[in-house]
Amino acid sequence: MCGIVGLFAKSSELESSLGEHLAAMLSQMSDRGPDSAGVAVYRDPAPDGSSKLTLQSADRLEDWDALGRELEKAFGDSSEPAVRGNHAVFVVGAEAGDVEPWIRAAHPELRVMSAGRMIEIYKETGRPERFVEQFDLASLSGTHALGHTRMATESRVTTQGSHPFSTGLDVCLVHNGSLSNHNRLRERLRREGIDFQTDNDTEVAAGYLAWRLREGASLEQALDGCLEDLDGFYTFLVGTIDGFAVLRDPIACKPAVLAETDDWVAMASEWRAIAELPGAEDARSWEPAPGVVYAWERAKV
Amino acid sequence: MSTEAAETTAVEVVDLSTTPLRELNQRLHDAGSDPAAPRHWRVVHPNGAHAVAAGLDADVEVEVEGHVGYYCAGMNKRATVRVHGNAGPGVAENMMSGRVLVHGNASQYAGATGRGGLLAVNGDAAARCGISMKGIDIVVQGDVGHLSGFMAQRGRLVVCGDAGEALGDSLYEARIYVRGQVAGLGADCVEKELRDEHRAELAELLEHAGVEADAGDFRRYGSARQLYNFEIDNAAAY
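Those protein sequences? They're chains D and X, same order as listed. First residue of the first sequence: 1, per our numbering; consecutive thereafter. First residue of the second sequence: 1, per our numbering; consecutive thereafter.
Keep in mind the hints are simulated off the structure, nothing from the lab. Take these hints with a grain of salt, some might be off.
Calculated lysine to any residue pairs in the SDA-like style (CA-CA distance at most 25 Å, straight line) [what the hints assert, rightly or not]:
id: 1; chain 1: D; residue 1: Lys254; chain 2: X; residue 2: Gly104
id: 2; chain 1: D; residue 1: Lys254; chain 2: X; residue 2: Met151
id: 3; chain 1: D; residue 1: Lys254; chain 2: X; residue 2: Gly161
id: 4; chain 1: D; residue 1: Lys254; chain 2: X; residue 2: Asn94
id: 5; chain 1: X; residue 1: Lys134; chain 2: X; residue 2: Arg78
id: 6; chain 1: D; residue 1: Lys10; chain 2: D; residue 2: Gly243
id: 7; chain 1: D; residue 1: Lys254; chain 2: X; residue 2: His50
id: 8; chain 1: X; residue 1: Lys134; chain 2: D; residue 2: Gly243
id: 9; chain 1: D; residue 1: Lys254; chain 2: X; residue 2: Met75
id: 10; chain 1: X; residue 1: Lys77; chain 2: X; residue 2: Ala10
id: 11; chain 1: D; residue 1: Lys254; chain 2: X; residue 2: Gly186
id: 12; chain 1: X; residue 1: Lys192; chain 2: X; residue 2: Val211
id: 13; chain 1: X; residue 1: Lys134; chain 2: D; residue 2: Ile251
This structure is a prediction, so every number in the text was calculated from the model and none was measured.
Please put together the full structure from these sequences, using the hints given.
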């Protein structure tokens, strides 16, 4: 079992209180996944030519300011670190494709949780309610967000094994279910140059999506490919810079509920998470059909 | 919790945003052996809670005002439970008798393993509706998902809309009626002639569920009974 939540704001009012709603939804899914929790929040886009990275340190006393100075020296420009729990977000005056390898080389002790222009990923082991407090989720604004509460079945309970998994710039994945062909697929994807940090099955699905997107597939094509290439149970929620997409495997054992009002679109493993949202009682609500991709995108300006 | 004395029949209102679920269910269970207990109950703010009004064995009517989560009205006996919203997975699972009515949609395995009573769903039911049903009657006004009626042993499954893939897979003696399209029949499930006695039982079921439909518009499906005994000619397949 695991819990999934997703929230897409359709009004500016909801954008400003996105974190508060996300926190309430995630807490409701706590008993579906008491091992660890995580969120991806899309917010405050980095300026053109800049990128945003979320870093995590096992050392709670990490000197993020010193890292900020190093980034400034290396790339000419870096924001002050925005620290939440043992994570810090930096906006750096260079493309993510340049900054990320630099961090991995210069600071192998740090983990790059996410990279892109809008995405921020926070995740940690422990009870979801505690995670919500530790990372002060309620204070986050944003356009859309995904969250996950984990009950581990396939691999160890670690920060890195927690969801969301980054699947490339501004793309991430959360998963309820278990994959059975992940070992073979991981080897195949490694030969394609996809890098894996853990023995986790969801990371393989994330790697698969990253590979398909890299090879030019649209998000919808990449998700359709999951139906062919992934064996196992899954309800996936995929976050992109513009919105999110939902896919359930054709057997569809893992639950999912979608709901929409004039102010938001929400996805969750169970209604009780969506019931936390304003106006939920009057929302249009339905169960996504198996093997069908559902996607919401912000209108591109 | 309060009692609305103004109505001719007193309705016991329980607000699940302030009352623990266990307290509600305990009171409903106690009503089975207490003649003085309220007969009409109204549950407000269910907010997707699990196991609302599960395990009842009482002549009570329960109106649930909103969406419920897993296993609402599971194991129901005698009671009438109406959900004015959507129901999560396993609504009326293993129902013994009574009536469970879902005004919205029902999630997967609605009425699973049910032994008696009526489950009526006004909207759609998702995958595995009536899986392993053993005597329950299920009437769905909308569509049902894949593998509905899987290994169904007894009872009737009526689908006024369409049915998904593998309908009635490995079916025993349950009878299935579908008005719309069937995406595919499961192993050993075949279409059978709709005779007068079937039209009559279907008309009765539809009326019982409060559905206006013409029994003559339905097709009947049942077991070909080819999986009942081991075929020695198939030994090589194992």
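Here is how each hint holds up against the structure:
A threshold of 25 Å between alpha carbons decides the hint, and for D/Lys254 with X/Gly104 the separation of about 20 Å falls inside it, so the pair holds. With a C-alpha separation of about 21 Å, the suggested pairing of D/Lys254 with X/Met151 holds against the 25 Å cut-off. Distance check on the hinted pair: D/Lys254 and X/Gly161 sit about 24 Å apart at the alpha-carbon level, within 25 Å; holds. Using a Cα cut-off of 25 Å, the hinted pair D/Lys254 and X/Asn94 holds, with the two alpha carbons roughly 21 Å apart.
Distance restraint check for X/Lys134 and X/Arg78: the Cα-Cα separation of roughly 17 Å lies within the 25 Å cut-off, and the hinted pair is therefore satisfied. Between D/Lys10 and D/Gly243, the direct Cα distance comes to roughly 11 Å. Compliance with the 25 Å bound is thereby established for this hinted pair. As the CA atoms of D/Lys254 and X/His50 are separated by approximately 16 Å, the hinted pair is consistent with the 25 Å bound. Annotation: proposed proximity of X/Lys134 to D/Gly243 is violated, straight-line Cα distance about 44 Å (limit 25 Å).
For the suggested pair D/Lys254 and X/Met75, the alpha carbons sit about 22 Å apart, so the restraint of at most 25 Å is met. Restraint check for X/Lys77 and X/Ala10: satisfied, since their Cα atoms lie roughly 22 Å apart, inside the 25 Å limit. Restraint check for D/Lys254 and X/Gly186: the C-alpha separation of about 22 Å stays at or below 25 Å, so the hint holds. About 23 Å separates the Cα atoms of X/Lys192 and X/Val211, which keeps this hinted pair within 25 Å; it holds.
Proposed proximity of X/Lys134 and D/Ile251 is supported: the alpha carbons are some 23 Å apart, at most 25 Å.
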